[in-house]
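Peer 1: So the sequences go chain by chain: H and G. For what it's worth, UniProt numbering labels the leading residue of the first sequence as 1, then goes sequentially. For what it's worth, UniProt numbering labels the leading residue of the second sequence as 1, then goes sequentially.
Treat the hints as calculated values from the structure; they're not laboratory data. Don't be surprised by glycine CBs; every beta carbon is placed ideally from N, CA and C. Heads up, some of the hints might be wrong.
Unchecked claim - Coverage of chain G stretches by chain H, computed from C-beta distances (three or more under 8 Å per stretch; other residues unrestricted):
(1) 276 to 286
(2) 435 to 441
(3) 554 to 567
As a plain string of letters, each chain reads:
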Amino acid sequence: MNLTLRIWRQKGPEDKGRMVTYPVDDVSPDMSFLEMLDVLNERLILAGEDPVAFDHDCREGICGMCGLMINGDAHGPQRGTTACQLHMRQFTDGETIDIEPWRASAFPVVKDLVVNRSAFDKIIAAGGYVTAPTGSAPEAHSTPVAKANADAAFESAACIGCGACVAACPNGSGMLFTAAKLTQLSLLPQGQPERYTRVIGMVDAHDEAGFGGCTNAGECTPACPKGIPLNTIGRLNRDYLAATAKGANNTPGS
Amino acid sequence: MELFTEGDAIADTKAPAGPVEKRWETRRFEAKLVNPANRRKMTVIVVGTGLAGGSAAATLAEQGYHVKSYCYQDSPRRAHSIAAQGGINAAKNYRNDGDSVHRLFYDTVKGGDFRSRESNVHRLAEVSVNIIDQCVAQGVPFAREYGGLLDTRSFGGAQVQRTFYARGQTGQQLLLGAYQALERQIGLGNVEMNTRHEMLELVLIDDKARGIVVRDLVTGEISTEMADAVVLASGGYGNVFYLSTNAKGCNVTATWRAHRKGAYFANPCYTQIHPTCIPVSGDHQSKLTLMSESLRNDGRVWVPKTKGDDRSPKDIGEDERDYYLERIYPSFGNLVPRDIASRAAKNVCDEGRGVGPTKLGVYLDFADAIGRLGRKAIEAKYGNLFEMYERITGEDPYEVPMRIYPAVHYTMGGLWVDYDLQSNIPGLFVIGEANFSDHGANRLGASALMQGLADGYFVLPTTIANYLASGPLEKVDASHPAAVEARTDVEDRVQRLLAVDGDRTVDSFHRELGQIMWEHCGMERSEAGLRKAIDEIRALREQFWQRVKVSGTGEELNQSLEKAGRVADFFELAELMCIDALHREESCGGHFRAEHQTPDGEAQRDDDRFAYVAAWEFTADGEPSVLHKEDLNFEYVHPTQRSYK
Numbered sequence: 001m002n003l004t005l006r007i008w009r010q011k012g013p014e015d016k017g018r019m020v021t022y023p024v025d026d027v028s029p030d031m032s033f034l035e036m037l038d039v040l041n042e043r044l045i046l047a048g049e050d051p052v053a054f055d056h057d058c059r060e061g062i063c064g065m066c067g068l069m070i071n072g073d074a075h076g077p078q079r080g081t082t083a084c085q086l087h088m089r090q091f092t093d094g095e096t097i098d099i100e101p102w103r104a105s106a107f108p109v110v111k112d113l114v115v116n117r118s119a120f121d122k123i124i125a126a127g128g129y130v131t132a133p134t135g136s137a138p139e140a141h142s143t144p145v146a147k148a149n150a151d152a153a154f155e156s157a158a159c160i161g162c163g164a165c166v167a168a169c170p171n172g173s174g175m176l177f178t179a180a181k182l183t184q185l186s187l188l189p190q191g192q193p194e195r196y197t198r199v200i201g202m203v204d205a206h207d208e209a210g211f212g213g214c215t216n217a218g219e220c221t222p223a224c225p226k227g228i229p230l231n232t233i234g235r236l237n238r239d240y241l242a243a244t245a246k247g248a249n250n251t252p253g254s
Numbered sequence: 001m002e003l004f005t006e007g008d009a010i011a012d013t014k015a016p017a018g019p020v021e022k023r024w025e026t027r028r029f030e031a032k033l034v035n036p037a038n039r040r041k042m043t044v045i046v047v048g049t050g051l052a053g054g055s056a057a058a059t060l061a062e063q064g065y066h067v068k069s070y071c072y073q074d075s076p077r078r079a080h081s082i083a084a085q086g087g088i089n090a091a092k093n094y095r096n097d098g099d100s101v102h103r104l105f106y107d108t109v110k111g112g113d114f115r116s117r118e119s120n121v122h123r124l125a126e127v128s129v130n131i132i133d134q135c136v137a138q139g140v141p142f143a144r145e146y147g148g149l150l151d152t153r154s155f156g157g158a159q160v161q162r163t164f165y166a167r168g169q170t171g172q173q174l175l176l177g178a179y180q181a182l183e184r185q186i187g188l189g190n191v192e193m194n195t196r197h198e199m200l201e202l203v204l205i206d207d208k209a210r211g212i213v214v215r216d217l218v219t220g221e222i223s224t225e226m227a228d229a230v231v232l233a234s235g236g237y238g239n240v241f242y243l244s245t246n247a248k249g250c251n252v253t254a255t256w257r258a259h260r261k262g263a264y265f266a267n268p269c270y271t272q273i274h275p276t277c278i279p280v281s282g283d284h285q286s287k288l289t290l291m292s293e294s295l296r297n298d299g300r301v302w303v304p305k306t307k308g309d310d311r312s313p314k315d316i317g318e319d320e321r322d323y324y325l326e327r328i329y330p331s332f333g334n335l336v337p338r339d340i341a342s343r344a345a346k347n348v349c350d351e352g353r354g355v356g357p358t359k360l361g362v363y364l365d366f367a368d369a370i371g372r373l374g375r376k377a378i379e380a381k382y383g384n385l386f387e388m389y390e391r392i393t394g395e396d397p398y399e400v401p402m403r404i405y406p407a408v409h410y411t412m413g414g415l416w417v418d419y420d421l422q423s424n425i426p427g428l429f430v431i432g433e434a435n436f437s438d439h440g441a442n443r444l445g446a447s448a449l450m451q452g453l454a455d456g457y458f459v460l461p462t463t464i465a466n467y468l469a470s471g472p473l474e475k476v477d478a479s480h481p482a483a484v485e486a487r488t489d490v491e492d493r494v495q496r497l498l499a500v501d502g503d504r505t506v507d508s509f510h511r512e513l514g515q516i517m518w519e520h521c522g523m524e525r526s527e528a529g530l531r532k533a534i535d536e537i538r539a540l541r542e543q544f545w546q547r548v549k550v551s552g553t554g555e556e557l558n559q560s561l562e563k564a565g566r567v568a569d570f571f572e573l574a575e576l577m578c579i580d581a582l583h584r585e586e587s588c589g590g591h592f593r594a595e596h597q598t599p600d601g602e603a604q605r606d607d608d609r610f611a612y613v614a615a616w617e618f619t620a621d622g623e624p625s626v627l628h629k630e631d632l633n634f635e636y637v638h639p640t641q642r643s644y645k
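Assemble the whole structure, with the sequences as input and the hints as a guide.
Peer 2: This is the structure we're talking about:
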């Protein structure tokens, strides 16, 4: 396959950035999308040009490090698939492909296609955990968990923190990410003691980090490579309302 | 010139004497403690945020130490532990199927082909039960039965169901549990987290580990960080093969730099080749993807009985198929340990019975299981793995058998540590896959997660106190001459890599190195092959330093520079791996020497000559390494020829 790539190049946070066109020939349909970028980068390096910086690590769809807007879609055209798992057989010979970084004010561009997603870590640090210091745990079978709850908790826990939900959202909201963690922990008995302080802490951290609010545009779930359901956000809102009514403050663990 | 010289024997002096089941209890009592008020004044550096590093950093911070944590990824949640699929072993015996701490201990020593320490392995088995409790308390969503209790399944090398799991994402869920505990400590100000930072040197002062030199991967700034102790949790070195199931960023640099500063590197040739990975599809291949071992619970491995049978699998009748694992190993069948399953796949492919376009593949067939349990049940168990397979290969494994082939997956070797997980350098602790660990010459499935979390949550936080309590250490800062020298070395090395400005990319060198290693130091090794590999590695390394082309500068985000530094270290490690493999004139676990096999092709150990840990000491560039032997004694699990028949 022969393709034309139009890639966002930006030297650093201060640079304005621009789209640059690169032809790439002899692409195998069995290549992953990132392997296709590897081929381009090998060529650029040998030509003395700056290779395209992009984040990636496990290349098996689980670490959440990769994230590209491909033709305007977060992670590209295939549902439930990260950019690293997207294969070139999804494209056609002669196609022009636009590749851009996640665009959201909470995710500033570091270089080219690399963005800073540390805002997600701050949301977790503000309550996305169960306070259970090492050594303090009771016997694992002391609290049974209904299978339906355990399965639903798992479904939300499958979030890989890639940020596709934010990139796809017209408001640049991180609500799906936040709601996924809240849902997981609120469905489990272990998560109950901190349930209401957690939701306040995490939502406040979300807002402080510069993410937009959720207006139920519903763009996030289709873009999510793990299919985190939209109804997690409804759950977040219910818990948030209940928490405000209870007057819980935002000190995690209090 | 000699490839190596032999030095003094070494021994683990920290494991207490006495009955094996009392040793950890004794050590916990005998280890000195640091009182809570003093912990606040002590700083511990932890490099890596996977299961071992993340759990250690969180736990040390909970105890009151000041922790500085480093990872090369953009978030601690992305460490490669996240990719572990199948599960985590624990001797809970919830199934009432005869499991016990002693059986897990026994299975692990046997599975490691009698090349691990009994004391360490017993402790691992003891602690395994606490890990499950801890993770459940954190909200890890393990698979459960309808009654609300935890589900378990079987894994290779065991005849009991002791593997706890969270669908095919167990590593992810355990890591997120540790990550969340770590983020809590970051939020509380007890951990200073440094993402997108890479350790490039160890700082020794008065022969003690007192700090590290790191490069900020975004700005390129090189800085020196000091502490009272340094913990390396930087993972394994499987990427020396270029193609492996490791993440692209996984590297040996942290442990290799420590090795060059005096830390012994133990058993580098013990690598695990995982039997069930998706076969290579072409030259563009950048990594290999694992299909969880748990699939062997329900999938049956086969190849055609006749060579060169190119028919579609559905046209090959039952009587024309060779379910070779079930045939050769009737009692364990498809669930033989990984080293055995991998070599068996290689053998049938070498015979010309491999399948798929490259003929380097065997079938993993779920037709029987789908017929017996129904498609829905298979979907529930393995749905995400089947989807992943289809995305990568374009084939539907519900309809067509999967094609699999072995790939480099895990490294049992690593820095030498004593029972306290301390290297031979005082103050340098090594945990998780980065140490030479508890797995001997072969790791059993679902034991890596167990070891990482055992080290990080329970072992290290106890043993490191014994070291810290022996202080107080002299106050030092980054202006100490030894720290300045380490930093200058790093700066010089970065400049050297940039200055070559040759005509070959880092990846092209890495690929070629990987081919040499796979060919000669992979599933089967021989004296002639290893000698050839050593020559080829040396020649290629010389080429690397003359011809590598690294674009850009050191003062920016420069992924080509990051790779160059890692590959330079892989070159040095590769040579040591081959020397280790050459000197070990026996076959054991993942180390299979063609010259040493039983008449029916199984690994032939030589316990009289090789029942020891090979701990290598670095001397100087171009000079032979020194081999130190630590004898292994087996008081409880008597070494036998491993049999899974």
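Peer 1: Output the indices of the hints that this structure fails to meet, ascending.
Peer 2: 2
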